[in-house]
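Novice: As given, the protein sequences belong to chains A and B, one line each in that order. Note that this note's numbering gives residue 214 to position 214 of the first sequence, counting from 1, and the numbers run on in steps of one. Going from the second sequence to this note's numbering is simple: count from 1 and add 368.
Incorrect hints may have been included.
Claimed, not checked - Heads up, simulated SDA-like pairs for lysine to any residue below, C-alpha to C-alpha not over 20 Å straight-line:
| id | chain 1 | residue 1 | chain 2 | residue 2 |
| --- | --- | --- | --- | --- |
| 1 | A | 274 | B | 461 |
| 2 | A | 79 | A | 19 |
| 3 | A | 100 | B | 461 |
| 4 | B | 439 | A | 302 |
| 5 | A | 78 | A | 99 |
As the list claims (entries may be wrong) - Under 8 Å between C-beta atoms, here's a sample of chain A residues computed to sit facing chain B:
| id | residue |
| --- | --- |
| 6 | 48 |
| 7 | 75 |
| 8 | 97 |
| 9 | 103 |
| 10 | 105 |
| 11 | 305 |
What the hints assert, rightly or not - Incomplete in silico selection of chain A near chain B, CB under 10 Å:
| id | residue |
| --- | --- |
| 12 | 72 |
| 13 | 100 |
| 14 | 272 |
| 15 | 275 |
| 16 | 330 |
| 17 | 332 |
| 18 | 334 |
If you are wondering where the hints come from, they were derived from the structure by calculation, not from laboratory data. As the structure is a computational prediction, the values presented were derived from the model and not from experiment. No residue lacks a Cβ here, since even glycine has one placed at the ideal position from N, Cα and C.
As a plain string of letters, each chain reads:
Number of protein chains: 2
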Amino acid sequence: MRFVVDKDILQDNISKVIFSAASTKVSSILECVLIEAEDSIIFTTNDMKMQMQTEFKAEILQRGAALVKAKLFSDIVKKLPDGDVEVIREENEVKIRSQKIEFRLPTLDPLDFPKMEKKPSESFCEFVASEFEDAIDKVIFATSKDETRPTFTGVLFEREEDEFVNLVGMDGHRLAICKIKPVEVDGNFSKIVPADNLDDITKIIDIEEAEKVRVSFYENQATFEIGSTTVIVTLISGKFFDYKSAIPTEYSTKISISADVLESTLERASIVSKDEKTNIQAVIFETNGMMFTVRSMSADGRFEEDVLCSVEGKDIRIGFNVKYFLDVLKVLDGEINLFITSQTSPSIVQKPDDENYIYLVLPIKMPE
Amino acid sequence: MRFVVDKDILQDNISKVIFSAASTKVSSILECVLIEAEDSIIFTTNDMKMQMQTEFKAEILQRGAALVKAKLFSDIVKKLPDGDVEVIREENEVKIRSQKIEFRLPTLDPLDFPKMEKKPSESFCEFVASEFEDAIDKVIFATSKDETRPTFTGVLFEREEDEFVNLVGMDGHRLAICKIKPVEVDGNFSKIVPADNLDDITKIIDIEEAEKVRVSFYENQATFEIGSTTVIVTLISGKFFDYKSAIPTEYSTKISISADVLESTLERASIVSKDEKTNIQAVIFETNGMMFTVRSMSADGRFEEDVLCSVEGKDIRIGFNVKYFLDVLKVLDGEINLFITSQTSPSIVQKPDDENYIYLVLPIKMPE
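Chain A with its partners taken away, still in its complex shape (with noise of 0.2 Å):
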């Protein structure tokens, strides 16, 4: 194997795939990237949960293909000067040359790589990037790490007979929704992609500049195809939550307020709102009449804000934990809709002008 090509090339190709490599402690093929050199260069990684291939033009000197731990051959190309990099296999090296630069790595067997095959469609969507990736942003941060509760750990992708794809993230506590319109959609499916692979895909994603996302399902496996880059995701196996059902349809106060001026009130109240015990981060909402206010107290002392909006309905006063609230209020601008039904029942947050994203929370025990 033997081919030369453009630094920033190198280097942009080897980005794509390193969310893919793992890292491990001890010395693993799952480390490497299986550097391939046929009509053109194919780059793999696969750290058993998610493969990554790349395909990019060189000019291919002789063919063949070479298997060298991915973080130090992304780190060396990093640090090479820009021109041309020359990447010789020569018995059980790889030598990297680049003016009067020569790295030698030492590689394994690339028959040894746990190559990942890319199955048929049975199903697929395709979405333009830039809303593909907004509407992850919207659902990602409400799913769980915790690994006990495998369906919470991934997004649901769904498709039930119209036109819209929901793609939904819960943790138990809170729930977010957003149906997203696909530019080309077939067949039915329910299937539980890990957030941690949506987290990498949205990468590549930036890195490509790709203009669509095309998702396609097979059994237990989802191929992302962005660009020039395949994903290869295994999927959460189970039964989703029945989300549909938990959302109120009806609700008893409304406040209606700009999104960042609660996020102001949210930090601020944050500072003083951590109970020690519990490590939860309790605020108060209490409506008056047209008085909006936010508490919050803890041993390091007590905050109040009369809040500036428009109120709707019966008075309330209900308590959240700070943190699921700005979170959302992170990747929402502009004036939203605050839907309170009770003590015990979710809470609502929706924009007026998007009936596409819901987020649901519920409320805490409120402290005295």
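Place chain B on chain A using the hints.
Specialist: Showing chain B alone in chain A's frame:
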């Protein structure tokens, strides 16, 4: 105590003293800022290693003092909207008010706060702030974090009957000396200032945008006056290493090279230089006539680069810890000279146009 002041002024001043507020697990008076309202407002913090004090004007409605957690107070001020802030002490609470926002913090007894006394000076020196900051940057990185050898954890300030003050940092493997010309100076001194405190002091210089820094010494105490901020530091006792005798007076090889070129080469070399067992990152410098080659190797792979520079003197082969070179190359730019004597005595890094800065680094036993 009751005063009103603009939010930016309040934020600026609490930012200056926050560095000497201790952050402890258990609640402690050393975490607090002492707020005194007399003819002006004075903020004081003291973690028993360093005391910081800053003074500013405010509309004082009632004199008095309060003692609140500094970090909490700083967090609150940062998150307030622009405009006037009112601070009121009432019994055991301090109210912080701005618009429709009110925080209440518990206050401790101001009389309990351990205020250090500002001593008269036995000797002093005053520097142009930017020159002082530059000199600190050039020596502080060479100090040690190892508390078992206390004198290595500080920077020596030394004057002996000449027009310069020498600032010296060393850790046993390397030594940085910066001779700096004071604007004003009186008396002889040889005092060791803790490097940690100097680091905070350079932050104050940036916040104050002060033109001058005045350093006064009295027994085991140094006072730094920077604009409206005063910092009192407890000096490190003990005898500093006789650094002047360590400077080699001759050399066998001289390498003249661009600091940027050598830095890029050594960053590349460091990718494959780490010995997993010893944790040392060794590089080899080799000259052969006019040729200068840098090599490194480890289980990860091998590196070699021929570097463009000018070489004089006899051929050498010598090993260094790459970290000790990268540190000094971060603070130098343009052309540098590297003077090498032998495989066992220190080498010198110096700029051809700056006699007042000299960096010494000991070689390491070479990897085979």
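Novice: Would you mind marking each hint as holding or not holding in the structure?
Specialist: Status of each hint after checking the structure:
Taken as a hint, the residue 274 of chain A and residue 461 of chain B pair is honoured in the structure, with Cα atoms around 19 Å apart against an allowance of 20 Å. Taking the CA atoms of residue 79 of chain A and residue 19 of chain A, the gap is about 19 Å. The hint holds against a cut of 20 Å. Taking the CA atoms of residue 100 of chain A and residue 461 of chain B, the gap is about 69 Å. The hint is violated against a cut of 20 Å. For the suggested pair residue 439 of chain B and residue 302 of chain A, the alpha carbons sit about 15 Å apart, so the restraint of at most 20 Å is met.
Simply put, residue 78 of chain A and residue 99 of chain A have alpha-carbon atoms about 15 Å apart, close enough for the 20 Å limit, and the pair holds. Of the supplied interface hints, the one on residue 48 of chain A is violated, with its beta-carbon coming no nearer than about 23 Å to a beta-carbon of chain B, more than 8 Å. The beta carbon of residue 75 of chain A comes within 5 Å of a beta carbon in chain B, closer than 8 Å, and the hint placing it at the interface holds. Nearest Cβ of chain B to the Cβ of residue 97 of chain A: about 10 Å, over the 8 Å cut. The hint is violated.
Against a cut-off of 8 Å between C-beta atoms, the interface hint on residue 103 of chain A holds, since the closest Cβ of chain B lies about 5 Å away. Because the closest C-beta pair between residue 105 of chain A and chain B is about 4 Å apart, less than 8 Å, the hint holds. For residue 305 of chain A, the interface hint holds, since its Cβ comes within 8 Å of a Cβ in chain B; the closest pair sits about 5 Å apart. The beta carbon of residue 72 of chain A comes within 6 Å of a beta carbon in chain B, closer than 10 Å, and the hint placing it at the interface holds.
Annotation: interface hint on residue 100 of chain A holds; nearest CB of chain B at approximately 4 Å, less than 10 Å. With 10 Å as the threshold, the beta carbon of residue 272 of chain A comes within range of chain B, its nearest partner Cβ sitting at about 7 Å, so the hint holds. For residue 275 of chain A, the suggested interface contact is broken, since its CB lies about 15 Å from the closest CB of chain B, more than 10 Å. Taking 10 Å as the C-beta cut-off, the interface hint given for residue 330 of chain A is violated, the closest approach to chain B being about 16 Å.
Given the 10 Å rule on beta carbons, the hint for residue 332 of chain A is violated: about 20 Å separates it from the nearest Cβ of chain B. Checking residue 334 of chain A against chain B by beta carbon gives a least distance of about 19 Å; that is not within 10 Å, so the hint is violated.
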